[in-house]
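Protein chains: 2
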Amino acid sequence: MRKEAIWFHNSCGPPENCFRTSQIISQPIIAHGGIAGPQKIHHTPVFLMGENNVSAAESAAVSAWLSKFEAALSKSDAKAAAALFADECYWRDLVSFTWNIITLEGRPAIEAMLRETLAKVKPSNWKIEGEATAADGVAEGWFTFETGVSRGRGIVRLKDGKCWTLLTTMVELKGHEERKGPKRIMGAEHGVAKNRKNWLQLKQEEEARLGVSEQPYCLIIGGGQGGIALGARLKRLGVPTIIVEKNERAGDSWRKRYKSLCLHDPVWYDHLPYIDFPKNWPVFSPKDKIGDWLEMYTKVMELNYWSSTEAKSASYDDKKKEWTVVVRRDGKDITLKPKQLVLATGQSGKANLPKFKGMESFKGDQHHSSKHPGPDAYAGKKAVIIGSNNSAHDIAAALWEAGADVTMVQRSSTHISRSDTLMEIGLGSLYSEQALQNGVTTAKADLIFASLPYKILHEFQIPAYAEMKKRDAAFYKGLEKAGFMLDWGDDESGLFMKYLRRGSGYYIDVGASQLIIDGSIKLKSGVDVEEIKQHSVLLSDGSELPADLIVYATGYGSMNGWAADLISRETADKVGKCWGLGSNTTKDPGPWEGELRNMWKPTQQEALWFHGGNLHQSRHYSQFLSLQLKARHAGLPTPVYGLQTVHHKG
Amino acid sequence: MRKEAIWFHNSCGPPENCFRTSQIISQPIIAHGGIAGPQKIHHTPVFLMGENNVSAAESAAVSAWLSKFEAALSKSDAKAAAALFADECYWRDLVSFTWNIITLEGRPAIEAMLRETLAKVKPSNWKIEGEATAADGVAEGWFTFETGVSRGRGIVRLKDGKCWTLLTTMVELKGHEERKGPKRIMGAEHGVAKNRKNWLQLKQEEEARLGVSEQPYCLIIGGGQGGIALGARLKRLGVPTIIVEKNERAGDSWRKRYKSLCLHDPVWYDHLPYIDFPKNWPVFSPKDKIGDWLEMYTKVMELNYWSSTEAKSASYDDKKKEWTVVVRRDGKDITLKPKQLVLATGQSGKANLPKFKGMESFKGDQHHSSKHPGPDAYAGKKAVIIGSNNSAHDIAAALWEAGADVTMVQRSSTHISRSDTLMEIGLGSLYSEQALQNGVTTAKADLIFASLPYKILHEFQIPAYAEMKKRDAAFYKGLEKAGFMLDWGDDESGLFMKYLRRGSGYYIDVGASQLIIDGSIKLKSGVDVEEIKQHSVLLSDGSELPADLIVYATGYGSMNGWAADLISRETADKVGKCWGLGSNTTKDPGPWEGELRNMWKPTQQEALWFHGGNLHQSRHYSQFLSLQLKARHAGLPTPVYGLQTVHHKG
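From first to last, the protein sequence lines are chains F and P. All you need for this note's numbering is the position in the first sequence, starting with 1, plus 328. All you need for this note's numbering is the position in the second sequence, starting with 1, plus 328.
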């Protein structure tokens, strides 16, 4: 295995001050973090692959720390356990200790959590996994552990023998392990039995029974990648589940998007659970191809997938602990009674259609970007795109390619990362061929990624984007010259933090920016829409854009809007805003939450769950949501520690 | 990695004489070979995984041998190269040297091949891959090499510094490598272009064009696992190909078989190229499940798959070097003009329907096993099964389970292996979870398996079956007591050799045998069918079996029967019998061929190819057939060495 050090810089000032910058840039980098200011140069490897950084001494240190930690835990000595952490410390727990997704920040928070959970969790059997790695004073080790009811895996990082970051994740519930590998089912039942049914009969019977004579334990609303990935895990865990999807076929949520759409994330980041994309899969999947894959996956994973089915209403009976959900399937209303309800309708699912004066009078075509049919009908036509994020750019470029006259109306600033640069600097060390060659499989990458606390994640991002800014300086200069309003996030932390904080505000450039730079796509920047007229868009600067087509690339609302539509406004308000970290940056108001609001974890509404995000998140977090659901299905106690309080309604 | 030695015994006499037998039996075994007779005990590891048997000395020996071999080859000194082989020696070449699939047996054959091929092949760059392993005087090493036009991989085994077995295989053609891993396509074309088409449009255009305005280079008749696996490889190699399949959907060739059918081979043996079954896939796939997988695979691999299409006729134009093939698609005749024609209609595809006196007068249902609809209509009915191999047993058991009164008519002896025993002793070391844990991936296992010369393969099989006979002695005694005629192959080499030699004559027991032992399935053994009457089957011993249903589980004919139907009897005779080794055993007449007749390699009919076999063979040999076709498509010279002569017409 090649050795490969992945550095981030905690406190080395801007990267140009850093003696390792040139080295960093010649290597795939996950993150290059720095806090501005004249501090001492200090480099920390996030993870180190290969033999050179494997250290017997550090392995011993990690093992020793795990021993001391286990000793304190087994004596239920929360104080002693917390004392093993450094002054700056983070413990992120994915379900194992807290039946929640939570990051505890600082010793007091850790101690408080342990006081409440230890007696119930009964953690034990902490063992280092493989060799620890070390560089610049940080030792990093993988480990396994158990609780009374589960097996887990984690990553610990030590500074001077004390824990700086700890990740604990639940892998499986004892007695409810998935049947795979050596434990897979036989398929053919050897031996004979009168009136035996074959696989197809049993499958057809289950399909006919579930939702009719037998109620699903879990109902998932929304059959995109989120619902499908979660449904696959629940299937393997034996939780009777139905997925309802309004489209005709699995994958249509992709197929029906605009023609030129491809995934903006690369293939290594996008695998579904259980079946990886093959080695010849393109880096960036075209939308119809990913649609076909999802459809195939739904079929071979034997999901109970109700397509052409729309959820109409849902209400929860607190006494019966049961939902009543009415769905319309093939034109007929069916009432389902699941115990658990998951909204997987898409983190970017509920379209924000703006209300502009005069919209109803417009004589041409107008639609939200999510309804844009593609450019083919608009050759030679005048198109106005309201918005300047991903969809706006992709649609504008496709319209230009098809021969339309395109103007983009940019109302506020946008962050732009060039795809190639982003892949290399932003994802390369975790999700790439290079990463695979270094032994960083997608499963490993997911855990490493999850081990970086949200609280300090932006610190690792800022220098990476500073580097990107430098590398693509000419490109950004061209955009500014064209009048494009650029930003890098409130704290210069770039695209990924914008995604986590607000889920919007950026474009991953795959070509449209050049069209703006050279004027092929016209730009009206720093203006708003005043009025829509019969054949034009009137802007706040008094200018008027003739239009045959208006595309409102105006983004999406919070997922709890779905809860309002389906259940009630009251329930939506009780649950509150979804997504975002509480970073107190644009569109992500404080207070600090520490985790994405309401995602994949218990909410203030019992038995209501939100699942969504990109393919990476659908894959990774479906593991933890499925285990939470399975535990409840199996009747295990699941005392939730630190249930989030609600600070914002939506 | 756990160490694991896989032994076979070359000349240690019967296994009960072997001091390592107990060790062998407690481990997964590929083969336990022995030549009867009082010879000295001599154990040879077929392959050795793990560190314990890794030997620096043996690595040096293998490297030294490769150096000497390369030196002789580079001087075009066929005699010197052949002198590096032992007295008993085998060189199996899969396409690399010979553009053929051939095993050269003995030094003179090797020298003759090299004399003819060396100048054209230009082999070079022989390098050991990983560490060699050693035990009991045999060193085994993996290596890579190149020819003028290709890259290859092989396995060499040395005894006393001389080559005992050599395998050379072609991996890829230079300049025509598959785009995968780091070389995969981007999918999204970054940048913009006027009137660009998206993935779906390009795919739809290709589908509309191929076979209409553009002729396929290759036409595959038959869209079962063979045609699909080959089609997938050709797609990745950029060879325009159409697969025609008479059924409505990919996978129907499995779905339409009898209800209780499951694969008799385990999942590790069954992967298709590019996409492995997931870890939770059952060990033995039910027929409808494997059907769904094949359908999904066909879709996501983007194969040009013409379902509901039947090939009507084919003829070859020697001057134009082109086939004219008429296919009927959706009720319309279409004429195709491919350069290459592959019959992938199934090694067990062409049903042998016997002709018994009076068949036409039978008043009940009668059909070949391949047409059997399943047992559901036959509860309480009297069923007679003619035949005693796999299909006969599976169908008989399913009919019994459904409540039919079942009699099996056994006309000749049958070999029976119990599934569990077979998996453990027959396949365990190469295709199992244990094998995976030992680092033997399916890809590695395929090459190891291919490296055992057919000439001596039975020697490794005989002791394994002797062990099975011993282990399951009570079971076999029960069958004999029930009157069942058992055999172990002409030379006691068991199931797999029967499969290779004749493709018939066995049952892998998954439960039916017990029904025969206990009389639940009635048995008439050692008799033939005299006549079919209106409501009964009259047997040669004068007994008469009342029958509402007769199933003719009478097997399949040679694949060249398909060539006779489609092309002409003359062409079928020119090409001759398919399958079988020329072992001079029952149904496999001599002379010795050294390889399976006509399979995956050039035949006496230019541009006509046969592809078939189980999922393992479809996966593994599609690699070599696709490379032969790609080379021709690319216009590379492909001089065939040792084109087989025809000894039997069919």
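Just to be clear, a hint being listed does not mean it is correct.
Since copy identity is lost for identical chains, a pair holds within one copy or between any two.
[As the list claims (entries may be wrong)] Here are the simulated DSSO-like pairs of lysine-lysine, each with C-alpha atoms no more than 30 Å apart in a straight line:
| # | residue 1 | residue 2 |
| --- | --- | --- |
| 1 | Lys861 | Lys403 |
| 2 | Lys396 | Lys508 |
| 3 | Lys490 | Lys403 |
| 4 | Lys798 | Lys574 |
| 5 | Lys709 | Lys531 |
| 6 | Lys648 | Lys490 |
Calculated from the structure, these hints are not laboratory results.
Against the earlier hints, flag every one the structure doesn't satisfy and list their numbers going up.
Hints 1, 2, 4, 6 not satisfied by this model.
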